[in-house]
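Visitor: Since the structure of chain C is already known, use the hints to place chain Y on it.
As they're listed, the protein sequences go chains C and Y.
The numbering used here puts the first sequence at residues 1 to 428.
The numbering used here puts the second sequence at residues 1 to 392.
Just so you know, these hints were derived from the structure itself, not from any lab.
Ideal Cβ positions, reconstructed from N, Cα and C, are used throughout, including at glycine.
Incorrect hints may appear among the rest.
[Stated by the list, open to error] In silico DSSO-like cross-links for lysine-lysine, where the CA-CA straight-line distance does not exceed 30 Å: (1) Lys94(C) to Lys44(Y); (2) Lys284(Y) to Lys312(Y); (3) Lys44(Y) to Lys114(C); (4) Lys90(C) to Lys301(Y); (5) Lys90(C) to Lys44(Y).
[Said to hold, decoys possible] Pair ranges (Cβ atoms, derived): (6) Asn194(C) to Leu280(Y): 44 to 50 Å; (7) Asn194(C) to Ser311(Y): 27 to 33 Å; (8) Ser311(Y) to Glu50(C): 33 to 39 Å; (9) Tyr74(C) to Asn314(Y): 55 to 61 Å; (10) Phe219(Y) to Lys254(C): 47 to 53 Å; (11) Lys254(C) to Ala287(Y): 33 to 39 Å; (12) Ile64(C) to Asn286(Y): 23 to 29 Å; (13) Ile268(C) to Ile307(Y): 21 to 27 Å; (14) Arg63(Y) to Asn160(C): 47 to 53 Å.
Given next are the chains, with one letter for each unit.
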Amino acid sequence: MKIIIGLEIHCPLNTKFKLFCNCLRNIGTCAICKGEPGSYPLPPKEEVIEKYKKIITLSGLEPIGDLIFERKHYHYPDLPKGFQITTRRKDLFKESVDSPIYFAALEEDPASLKGDLLRKISYSRCGNPLVEIITMPIFNNAEEVSLFYQNLEKDLELNNLKSRKEPLRVDVNISLAPTGLDKKVPNPQIEVKNVHSLTNIIECINTEQKRLSERYIYLESRKEPLAGNLLMTDTNHTRGYDETSGGTRYSREKESYIFLREINIPPITLFKKNREKESVVMNYTSLYSKLVLLIPEASAEELEEVLSEGWASLLIIKLESKQEKIFLFRYFLIILKYCRLNDYTTQEIISLTNYALENPITKETLKKIIISRTYDDFYARKRINITFQELVPQLRCLATRSDKIQKIISIEERRILPSINIRELLEF
Amino acid sequence: MINSEKREEILLCSQKIPFYLTVGIKKAFISTKYPSDCSSPVLKEYAPSFSSDVHKIIGRFLRDLEISSRAHHPLIKPEFCDEFCRGSAGIFTDKKYPHPRSNSILGGSSSGAVYNLLLGQTDISICSDTGGSARFPVLCGDNSLVGFKPSYGLISKNGLIEYVGDLDTVSLMSSTKNFNLLQIFFDVLTEDNSIEIKKDFRITTINYDKKELKDSPLFRLYNNPLLEQYYNIKSMLYCWSNTHRYDGKRFSSYQNTYPSSFKPNPSFLENGEIKRVRQLSFNKINACSLRLEQISRKVQKIINQIITLFSKDNIFLLRRFKGISTYISDTDGMTDDKGLKLFIENLTGLPAIMVPAGRNEYFQITGPPNSDKLLLNKESLNKIISKFTAKS
Chain C
1 MKIIIGLEIH
11 CPLNTKFKLF
21 CNCLRNIGTC
31 AICKGEPGSY
41 PLPPKEEVIE
51 KYKKIITLSG
61 LEPIGDLIFE
71 RKHYHYPDLP
81 KGFQITTRRK
91 DLFKESVDSP
101 IYFAALEEDP
111 ASLKGDLLRK
121 ISYSRCGNPL
131 VEIITMPIFN
141 NAEEVSLFYQ
151 NLEKDLELNN
161 LKSRKEPLRV
171 DVNISLAPTG
181 LDKKVPNPQI
191 EVKNVHSLTN
201 IIECINTEQK
211 RLSERYIYLE
221 SRKEPLAGNL
231 LMTDTNHTRG
241 YDETSGGTRY
251 SREKESYIFL
261 REINIPPITL
271 FKKNREKESV
281 VMNYTSLYSK
291 LVLLIPEASA
301 EELEEVLSEG
311 WASLLIIKLE
321 SKQEKIFLFR
331 YFLIILKYCR
341 LNDYTTQEII
351 SLTNYALENP
361 ITKETLKKII
371 ISRTYDDFYA
381 RKRINITFQE
391 LVPQLRCLAT
401 RSDKIQKIIS
411 IEERRILPSI
421 NIRELLEF
Chain Y
1 MINSEKREEI
11 LLCSQKIPFY
21 LTVGIKKAFI
31 STKYPSDCSS
41 PVLKEYAPSF
51 SSDVHKIIGR
61 FLRDLEISSR
71 AHHPLIKPEF
81 CDEFCRGSAG
91 IFTDKKYPHP
101 RSNSILGGSS
111 SGAVYNLLLG
121 QTDISICSDT
131 GGSARFPVLC
141 GDNSLVGFKP
151 SYGLISKNGL
161 IEYVGDLDTV
171 SLMSSTKNFN
181 LLQIFFDVLT
191 EDNSIEIKKD
201 FRITTINYDK
211 KELKDSPLFR
221 LYNNPLLEQY
231 YNIKSMLYCW
241 SNTHRYDGKR
251 FSSYQNTYPS
261 SFKPNPSFLE
271 NGEIKRVRQL
281 SFNKINACSL
291 RLEQISRKVQ
301 KIINQIITLF
311 SKDNIFLLRR
321 FKGISTYISD
331 TDGMTDDKGL
341 KLFIENLTGL
351 PAIMVPAGRN
361 EYFQITGPPN
371 SDKLLLNKES
381 LNKIISKFTA
391 KS
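Only chain C is shown next, with the shape it has when bound in the complex:
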């Protein structure tokens, strides 16, 4: 069964001081780190912000407004304050389709927990500067994830920015792809926390994929209300990773957080207007050179088309993992052209590309994709939330029984098909 994967990568920065106080990183603790009553956080230093800026520019993000800090409330003993100070996620970056990374947050590190039975907390890590890099849910395999992860350190130049002693901590978000699933059976979103290395990430993804698909098949066959421990896994939850066994373990349910603005830290302007343009240009050239290396047969016009749409880096990840590169590239261009005709949102395009690149490449599948959009629109008007892919096989089963439904399908297909310029797309 297919899965969708998104990553949260925590990158500890190698600064001299902590983020909101004058303590030395990893060594000192003061009243501000420990969240004592009466202490106020200091505004972050230039050293931290310049490193954060570098990560932003190299990951191809364009900030719109100022950097505003927020309190993220969750009640767990690794936070002495009861809230974590992070950057505001709303309206900070432009919706760029260009890169698989869609957000990078500057935040303070919580304390580290040690031991299982006699739990201990060390506050020396508390308040270290940390950049949380969040990707789109675009990955479908462990291979794609490993390719992205291997290139990440080179692309973002993390060797200079990251502290060498501390590894990257990755949270892996996994769920089954919703297309073709029975909606009555729950499909929880699972977050596996604190996976430290690439081998562990691959193991973790493979085991979770196995577990989720087995569970789904079991639930689908039962079709009865659940009881016992399985009920816990129906909701969205977080899991811990065991390095020794390679498996995962239920830790807690996913909470929804309350965000309040941190008033004690003033907003920070990241870039002036001139510098924003430079960063965009730099990304454009680097992506162009990468594409040329991957697909030497592509013409310059085709490459520019892809780059102008801003889907290059997403395409690169997909291309690297496959052997038939030219086919994929051409196919991608067709999708882009269609997207330009109809106003697609970013999430729709991602799901579309994932579906298209995974399935065998024929004209029929392309037809299905094109029609599915129109069918979705058609049935949304009638307030029936069924996608075309779910609907067609059911309708065809019914069509054998009655003539009326067969007529409906044929009439609707006639109505809808001429409205889209399929000929243009197929000729290409």
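Guide: This is chain Y only, laid out in the frame that chain C set:
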């Protein structure tokens, strides 16, 4: 840091400091010497690792006074306040009020300061003001009390246990006999003498005739219902957020987990007001935080308009308040005779002083930004008040 020369200047000015001086400091300011539990059972065992800036500066100043023998053994007295300065019934739920009119009991977070000032146990007290708690208690003191809220950001807030970070301001209260002490301690606390008193300042007044008042843009801005909504939501949300800091239950399943100096009590919060805030449901708080985001831009515009009006025309606004004759336990009572609220000065961050003016009447004068010294100077204050009183 204050220079030695400037400190000498202040000491020279302080001719009228009483020989026996006691300074009251609210328990919300933490210190390593004095109990600083913010009158809450949660922080009973709290031994802070550092002292607040107010404690440090005043301790240093009092030592200098003693050495120069202008005062004999000056003292700091920690004063009770409401739990986490929430401002409800105050400390007078059990105690008798030291005033001939025993019915007039006043709540508020700075009620401990009033208690000590009226009994004569302290000469000046340093407290905090988030919604008027340093100015409101003046209304029950007849001719005996003065409350002053300086403009936001002049006095260091480090070490003040947070209620609403944006609105908390360190402020001063004293008896009318020791009016001079307000000016002296303001100079000491700001650690800066660069703001000079202007001798020629323009005053534009708003008359209390109904027509003129209602047409004025200031009245309209002050009367906007969004401001009240904004204040109420914000104070509730940040009270919820800050009290969650000290939750002992969060740590209870872990061994050796507390930061060395901070050991919160697991039996959390027994005061009714704080308990009510803490038990709010997740959905309500989430809805409130969304509402706060929606309003905040509009409110910021209104606040900016008020500040520009004040600073452009150098306006000093005088508002009349009536004295209190009954028990008041909530912030709802903090209105002037036109129904305008007291907390607008906290939202705008403008300086304000509350002064008694005859039988059962009080004036609050708010000035433009950084006009604190004009409000604390007796002569200029008299000038401002006389202009108003002559018109009306």
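Visitor: Would you mind marking each hint as holding or not holding in the structure?
Guide: Evaluated hints:
With a CA separation close to 48 Å, the supplied pair Lys94(C) and Lys44(Y) exceeds the 30 Å bound. For a cut-off of 30 Å, the pair hint linking Lys284(Y) to Lys312(Y) is broken: about 40 Å separates their Cα positions. About 29 Å separates the Cα atoms of Lys44(Y) and Lys114(C), which keeps this hinted pair within 30 Å; it holds. Restraint check: the Cα-Cα separation between Lys90(C) and Lys301(Y) comes to about 21 Å, which is no more than 30 Å; the hinted pair holds.
Between Lys90(C) and Lys44(Y) the alpha-carbon distance is near 39 Å, which puts this suggested pair outside the 30 Å criterion. The beta-carbon spacing between Asn194(C) and Leu280(Y), approximately 32 Å, falls outside the hinted interval of 44 to 50 Å. The hint said 27 to 33 Å for the Cβ distance between Asn194(C) and Ser311(Y), and at roughly 52 Å that hint is violated. With their beta carbons about 35 Å apart, Ser311(Y) and Glu50(C) fall inside the hinted range of 33 to 39 Å.
The hinted range of 55 to 61 Å is not satisfied by Tyr74(C) and Asn314(Y), whose Cβ atoms lie roughly 48 Å apart. Distance hint check: the CB atoms of Phe219(Y) and Lys254(C) are about 50 Å apart, consistent with the given range 47 to 53 Å. The given range of 33 to 39 Å is broken by Lys254(C) and Ala287(Y), whose C-beta atoms sit roughly 20 Å from each other. Distance hint for Ile64(C) and Asn286(Y): a CB-CB separation of about 25 Å, consistent with the stated range 23 to 29 Å.
Take Ile268(C) and Ile307(Y): their Cβ atoms lie about 23 Å apart, and the range 21 to 27 Å holds. For the hinted restraint 47 to 53 Å between Arg63(Y) and Asn160(C), the CB-CB distance of approximately 50 Å keeps it satisfied.
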